[in-house]
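First residue of the sequence shown: 0, per numbering that gives the first Met the number 0; consecutive thereafter.
Bear in mind the hints are in silico, worked out from the structure with no lab data behind them.
It is possible that part of the hints are untrue.
Stated by the list, open to error - Label pairs and their computed distance ranges (CB to CB): (1) S102 / V38: 16 to 22 Å; (2) V125 / D40: 20 to 26 Å; (3) G135 / T80: 31 to 37 Å; (4) N61 / S102: 38 to 44 Å; (5) R134 / V50: 33 to 39 Å; (6) R86 / A140: 17 to 23 Å; (7) E101 / N61: 35 to 41 Å.
Claimed, not checked - As a list, the in silico DSS-like pairs of lysine-lysine whose alpha-carbon atoms are at most 25 Å apart: (8) K72 / K113; (9) K113 / K54; (10) K54 / K72.
Predicted model only: the values in this text are computed from it and were never measured.
Beta carbons: idealized from backbone N, C-alpha and C, even for Gly.
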Amino acid sequence: MATATALLRLAALAGAVALLLPGAAEARVLLSLDDFGAVRDGIADDTQALVDAWKVACAYSNGYVVIHVPAGKSYQIWPVTLAGPCRDEIMLFVSGNIIVTESPEDWDRSDGGKWLHFFQVQDLTVSGGDVIDGRGQEWWARRPARGRSTTTTSTSSTVSMTRPPADFMGGRPISSSP
0 MATATALLRL AALAGAVALL LPGAAEARVL LSLDDFGAVR DGIADDTQAL VDAWKVACAY
60 SNGYVVIHVP AGKSYQIWPV TLAGPCRDEI MLFVSGNIIV TESPEDWDRS DGGKWLHFFQ
120 VQDLTVSGGD VIDGRGQEWW ARRPARGRST TTTSTSSTVS MTRPPADFMG GRPISSSP
């Protein structure tokens with residue numbers, strides 16, 4: 000019940016901070032991870048702040064929503080699934096750093112080893128000018144190579160890489176290398 004009340008308050012806050020852009024017919028809402036309790040030191044777990052912002056953004060139905068990762072700080076995000084369907088378009092705008100925990104042992108293997116998993120989400124844009132850091136050094140060192148190179152094709156994008164495998168659905172082609 001407390002979570003539902005908190006989400007209603009956050010939704011009201013989101014409505015209150017709706018920004019009407021000149022010439023835009025739709026409201027645009029900016030949700031900062033900082034507003035959802037992120038510690039933003041790169042050490043503390045900021046996953047719940049992302050989850051709470053996602054829930055509000057996904058439920059919002061009056062226009063385009065931007066979840067902002069503010070500049071100048073690092074947000075440690077543990078493996079998480081951000082699920083849809085959502086009511087409107089969402090942008091994850093990364094101005095700061097999103098980082099994963101350092102050790103693969105921190106991960107629950109029951110989820111297939113996914114870190115940022117967007118499930119049943121349409122109209123999602125990931126943008127910005129900073130870093131989403133999977134700290135791959137440790138992963139690359141532990142995973143045996145499966146040949147020189149592999150190419151995976153999804154509905155609208157191709158991913159070429161050596162290890163480890165990744166799934167990207169939609170969007171532009173993405174290239175990954177060690």
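Check your understanding: Tell me, which hint numbers fail for this structure?
Key -> 3, 5 and 6
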